[in-house]
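K.L.:
Chain by chain, the residues:
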Amino acid sequence: MISKSETIPSINTPQASLADLERNLGGLSLQYMRQSLELPLNHEKQTVLARLYSAANTLHQAVRESIVENAIFEICSNLIGCEQVALLVTCKQQDRVAFSGSADFNPQQLEAIRRNAKRILQEAPTDSIYIKSGPEDRSFLSSLGISARIPFWLDKSTKGAIVFFNLLPQRNGLDAGDCELLKLLCAYTGPCLAANKIKHQETSGWVQL
Amino acid sequence: MSDTQYKSQRKTAQQSGQKILLVDDSSTTLLIEEMTLREHTQYELVLARDGEEAVEKAIAEQPNLILMDVVMPRMNGFEACREMRKHEALRKVPIIMVTSRGESCNVEQGFESGCNDYVTKPINGAELVEIVNGYLVAQGQSQ
Chain W
1 MISKSETIPS INTPQASLAD LERNLGGLSL QYMRQSLELP LNHEKQTVLA
51 RLYSAANTLH QAVRESIVEN AIFEICSNLI GCEQVALLVT CKQQDRVAFS
101 GSADFNPQQL EAIRRNAKRI LQEAPTDSIY IKSGPEDRSF LSSLGISARI
151 PFWLDKSTKG AIVFFNLLPQ RNGLDAGDCE LLKLLCAYTG PCLAANKIKH
201 QETSGWVQL
Chain V
1 MSDTQYKSQR KTAQQSGQKI LLVDDSSTTL LIEEMTLREH TQYELVLARD
51 GEEAVEKAIA EQPNLILMDV VMPRMNGFEA CREMRKHEAL RKVPIIMVTS
101 RGESCNVEQG FESGCNDYVT KPINGAELVE IVNGYLVAQG QSQ
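So the protein lines, in turn, are chains W and V.
Per the numbering used here, the first sequence starts with residue 1, numbered consecutively.
Per the numbering used here, the second sequence starts with residue 1, numbered consecutively.
Okay, chain W solo, but in the shape it has when bound (with noise of 0.2 angstroms):
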């Protein structure tokens, strides 16, 4: 497990302001090519960084263009290797979750994010990144077949959570390359869904639980 504390020293939390959001994600955007350019083809972390790059770089489109959750769904697809991954966001005035999920989930999965979605983002620890340590995970989360599931913040507060369920058949587990996109997702998502709401009120794609 990572704490929050170990989770992003590297990665400045946004500012609140969309322009300081643009700002932050172009420029991290940036520094992962250049370094990720710098690196030779079969260099361990070229990969990685060529990730970041292309995570950082989507995230910065989708704020622009309010899509963020898609893009959260196509990175979480195309560059980690889950299909199946949901947002969770607390709506603390009417103790409700909201769902958005990407197209993957069959109805029973559904269900079973619908009954548990509090307790999935109550889960201790509530601050930190879970990933599912292999076969003798025996915790709840683990029981409901989440292999991930990593919190978002804005101003300092947990707003919810990103779920990752089933991984690709090819992806055994999540390794420390995945761990740095999982960073940058933790640190980014909670500033990048409050800038789209921002930019546009609807809330299209959330489902209540």
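For the record, the hints were derived by calculation from the structure and aren't laboratory data.
Heads up, some of the hints might be wrong.
To be verified - Just the calculated beta-carbon pair ranges, DEER-fashion:
id	chain 1	residue 1	chain 2	residue 2	range
1	W	Arg-23	V	Glu-108	43 to 53 angstroms
2	V	Gln-62	W	Phe-140	51 to 61 angstroms
3	W	Arg-138	V	Ala-60	54 to 64 angstroms
As the list claims (entries may be wrong) - Computed footprint of chain W on chain V; a stretch qualifies when at least three of its residues, placed anywhere within it, have a C-beta under 8 angstroms from a C-beta of chain W:
id	stretch
4	21–35
5	75–83
Computed from a predicted model, the values in this text were never measured in an experiment.
In this text, a Cβ means the ideal position worked out from N, Cα and C, and glycines have one as well.
With chain W fixed as given, assemble chain V onto it according to the hints.
P.N.:
Here is chain V on its own, set in the frame of chain W:
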């Protein structure tokens, strides 16, 4: 693959002036493919965002190799592959499918549609360059 091998293959490609058509509706994969191939090879790159555009560009641009996603709007990768194979000029062009699903049924479907090879997502830069060079260096040498 060693750096020396990369440089040698890069030089061969540079001399041959070969062209690759990259097809993907998602920018996440396309960004990595484009950055990797621009920096580590000298092939000319042409981009398309769906199957229909891919068929049109393949006919117009006559690429030496096509790297194509499977799940795309308008026309998927398998359909585009079958469509391309109907054209005499594209019958022997290597088509590499980029798939998120590496299960045997999906791979078989790809080969049945006429593709030559496949790579799975997430894209690994070294593997991508190796497979692309494997086809194009051989092609360049036979010309």
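K.L.:
A separate judgement is required for each hint: does it hold in the structure or not?
P.N.:
Hint check:
At about 47 angstroms, the CB distance of Arg-23/W to Glu-108/V agrees with the hint of 43 to 53 angstroms. The beta-carbon spacing between Gln-62/V and Phe-140/W, approximately 56 angstroms, falls within the hinted interval of 51 to 61 angstroms. About 57 angstroms separates the C-beta atoms of Arg-138/W and Ala-60/V, a value consistent with the hinted range of 54 to 64 angstroms. Remark: the stretch 21–35 of chain V is confirmed as covered by chain W, as 7 of its residues place a Cβ nearer than 8 angstroms to a Cβ of that chain, reaching the required three.
Look at the stretch 75–83 of chain V against chain W: 0 of its residues bring a Cβ nearer than 8 angstroms to a Cβ of that chain, fewer than three, so the hint is violated.
Violation of the numbered hints given earlier is confined to hint 5; every other hint is satisfied by the structure.
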